[in-house]
Amino acid sequence: MTFIETLHNHQLTLTPLSVETLQVNVGKLCNQACKHCHVDAGPKRTEMMSRETVDRCLEILAAYPQIKNLDITGGAPELNEHFDYFVIEATKLGKHVMVRHNLTVTLDPHPLSGKSMEYLPEFFRDHCVEVISSLPYYAEKETDAQRGSGVFAKSIEAMRRLNRLGYGKEGTGLVLNLVYNPIGAYLPPAQGAIEAQFKEHLRKEHGLVFNSLYVITNMPINRFKHFLERAELYDSYMTKLINAFNPAAAEGVMCRTLISVGYDGTLYDCDFNQMLAWTVNHGVPNTVWDFDFDRLISRKIVFGDHCFGCTAGAGSSCGGATAR
Amino acid sequence: MSSYYESKDLAKFSDIGKNQKHLWEKFIAWYNEATATEGALTKREKSLIGLAVAHTVQCPYCIDAYTNQCLESGANMDQMTEALHVTAAVRGGASLVHGVQCRNIVEKLTM
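So the sequence lines, in the order shown, correspond to chains D and B.
For the first sequence, this note's numbering begins at 777 and goes up steadily by one.
For the second sequence, this note's numbering begins at -11 and goes up steadily by one.
Derived from the structure by calculation, the hints contain no laboratory data.
Among the hints, erroneous ones may be present.
Calculated cross-link-like contacts (lysine-lysine; reagent style BS3-like; alpha-carbon spacing at most 25 Å) [said to hold, decoys possible]: (1) D:1016 x B:-4; (2) D:917 x D:844; (3) D:1001 x D:820; (4) D:1016 x B:0; (5) B:6 x D:1016; (6) B:-4 x B:9; (7) D:945 x D:1001; (8) B:6 x B:-4; (9) B:-4 x D:1001; (10) D:1016 x D:1001; (11) D:811 x D:945; (12) D:980 x D:811.
From the derived model, a few chain B residues whose C-beta atoms are all more than 10 Å from chain D [what the hints assert, rightly or not]: (13) 1; (14) 3; (15) 13; (16) 19; (17) 21; (18) 27; (19) 43; (20) 49; (21) 51; (22) 75; (23) 76; (24) 78; (25) 79; (26) 87; (27) 94.
A few chain D positions that, by computed beta-carbon distances, are all more than 10 Å from chain B [claimed, not checked]: (28) 782; (29) 785; (30) 791; (31) 793; (32) 795; (33) 899; (34) 937; (35) 950; (36) 962; (37) 1022; (38) 1023.
Beta carbons: idealized from backbone N, C-alpha and C, even for Gly.
Extracted from the complex, chain B is given alone in its bound form (with noise of 0.2 Å):
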């Protein structure tokens, strides 16, 4: 195997179902009417989300299907771009929040 990530994988994505088939079936139903519907959130707002996640969990199969799904559904490069923002900064939040912690540590243990 030259590489773990394949672009071309992305497309076997449905092989999973070739076991357990049902299980897939729930997942793909579930998954589809979650991402690529219109509801309360339009699909494009769906799909930006989708996006900043897809950026979260590092997966470059989520990254390559968002960003076609974010094409697709009108969103542009700019939106794209706040999307990737909001997923960085929560992220750079998470970590400066738990600052607060190590302050509780540092006034528990220093007189």
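Looking at chain D on its own, in the form it has when it is part of the complex (with noise of 0.2 Å):
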């Protein structure tokens, strides 16, 4: 069964409520190549965002204040040149401002220009950033595993920092928080669950404290797609999601409050469909630069059956679980 044909069954006709947040993917470039990474990003990926689409953005942000977030994506996003500005100018704006942080490239060298990130914990903090960082795990061998070499120990070093600077405790106003995803063909763990088990564990084996975590499926597209090829799982993962099928958590899917940008400014209903090239549709003006607002709400959202990983168990968006 397909997912429209589920959406059908369970009467759900899922339209968009509103664009809260604008998700802007600046590049694929990106100091680790995740096995279960659904843009593909690594350090040889030289798409890029450009300072005019980086502008066009800025332009979009300031004339609907209805966009109360920019959610900054990559790739690491940090690594495109234009970052630091487009972080600066949307705070100007008045914007919420979050970045999806994979926290080693705080210690990695640029991989294009050498350059040092380290500099990135206090800029967050002096923009307020709310930093959003991936961590497979709470212990070395499985972060590692999924992430490659190196990345646990890297992790734990530029979240210390992050501590160091008030990020993740309660009273500063700077905001940690940290992302799940199954290292395989498997659900994730209830969200509640398995944060008071990565608040313990982080807290006793490393002085680490951070706000929430969120848990996220594993999407059933590019490299994690393949995995599942290659280990001849994807028939039983797609089963899984499907049997797993939550009309609640449906009910919450981010592209309803959403609208995703690629690097070359080019409009999505969300991060996932952009990576396979699925373009707003049904008519709707698919660019930046002819972003029109009142038509993005009242848009058909364009599905497919890798949104059943959305819509299994709790559910799963960029925010975490979507049932509550």
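The task is to assemble the complex, starting from two chains supplied on their own in separate frames and drawing on the hints.
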């Protein structure tokens, strides 16, 4: 059964509610090359958002007070040469800025320029950026298995630097959220339960704190899909996602309140559709250059079977579980 | 039949409810509450117990199901391996503790 048929069977009509968040993918360059990455990001990718497109995104943010959040992602978005400018200018507009920060980028030199990125924690603090950091597990073996050798140790050091500035600590206003995703072809645990495990282990073993843990399901596209196919797990993983379809989770899918922008300024319903090159459709202008807020909030969202990844169990989004 | 155990057959477990449905419904309600909910024990702890028991009864379906459930409740391979050692230790201990009976008999029979 397809995703659209499943929605129909549950009498669900998932239409946009608003555009509260502009999620901008500023490029595919990354210091890591994680096995599950739906972006296929890595140190050899060259796609990068230009200054002109960044400026156009800023114009859109300025024009629409309804868009309250700027969510900057990549790749490692900090590796885009216009990243700092983007954050500074969006903050001036009064937008809440979130950065999908992989932690290790602070400690690795820039893959192209060799420039040190160790200024990032202070930069985030100075602009009150919400830091959302992927950490697949609270232990080294599991984290390095997915993200590469040495990633866990570097992530812990980067978290320590953020904590030292007040990130993740109550009362500072500096938010550090972590993102968990399974290290293979299985569904994530309940968000509250795994958050408690992360908090206990990171505090006891490393003296680290954070605010919330977001749980995200691995999407059966790109690099993770190739893994599933190589391991002959694609069909069983899809069956698992389909069997775990949760109408309550479907109601909260992020594409109802978000527009995703590609590095070249193309508009998508979400970052996953972006990686499949499925633009916003059904006649709605699909670039930042002809951004039409009213038509976007009345658009028909483009769904595919990978969307079962967002509706399985407690649901999955860039903000974690969607069924509250 | 190529084999008594086929992994795809696990998905047919609910077919047992095609007959005497009321018994299946009682079983599955109790089973789900006992094994897959947060209670005095966390779901992760219950999953690790389930994994240990699955290896004790050596049921391939149960091993498949509880390995998945352990991963999906956030358990890692070290924790799962410790659970298996508990299984093996209790089973080994159960053999060894019967040595007391052996010793009792020897004591009774010998001068």
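Next item on the list: Mind verifying the non-interface call on residue 1022 (chain D)? Its CB should be farther than 10 Å from each CB in chain B.
Entry: Answer for residue 1022 (chain D): holds, closest chain B Cβ roughly 14 Å.
Notebook entry, point to check: Between residue -4 (chain B) and residue 9 (chain B), does the CA-CA distance stay at or below 25 Å?
Noted result: 22 Å, holds
Note to self: For a C-alpha distance cap of 25 Å, please report whether residue 1001 (chain D) and residue 820 (chain D) respect it.
What the structure shows: 20 Å, holds
Notebook entry, point to check: Is the Cβ of residue 94 (chain B) farther than 10 Å from every Cβ of chain D?
Noted result: Check passes; 48 Å lies beyond 10 Å.
Note to self: A cut-off of 10 Å on Cβ-Cβ distance, and residue 791 (chain D) was said to be off the interface with chain B. Does that hold?
What the structure shows: The claim holds: residue 791 (chain D) sits with its nearest Cβ about 31 Å from chain B, beyond 10 Å.
Check: Is the Cβ of residue 51 (chain B) farther than 10 Å from every Cβ of chain D?
Finding: 15 Å, holds
Notebook entry, point to check: Can the restraint linking residue 917 (chain D) and residue 844 (chain D) be considered satisfied, given a maximum Cα separation of 25 Å?
Noted result: 38 Å, violated
Check: Far enough from chain D: is every CB of that chain over 10 Å from the CB of residue 3 (chain B)?
Finding: 15 Å, holds
Notebook entry, point to check: So is residue 19 (chain B) really clear of chain D, every C-beta pair being over 10 Å apart?
Noted result: 17 Å, holds
Note to self: Quick check for students: does the CB of residue 76 (chain B) sit more than 10 Å from each CB in chain D?
What the structure shows: Per Cβ check, residue 76 (chain B) is outside 10 Å of chain D; nearest 22 Å; holds.
Notebook entry, point to check: Is the Cα-Cα distance between residue 6 (chain B) and residue 1016 (chain D) 25 Å or less?
Noted result: At roughly 22 Å apart (the allowed maximum being 25 Å), residue 1016 (chain D) and residue 6 (chain B) satisfy the hint.
Margin query: Between the alpha carbons of residue 1016 (chain D) and residue -4 (chain B), is the straight-line distance 25 Å or under?
Written below: 13 Å, holds
The structure shown violates the earlier hints numbered 2, 7, 11, 12 and 36.
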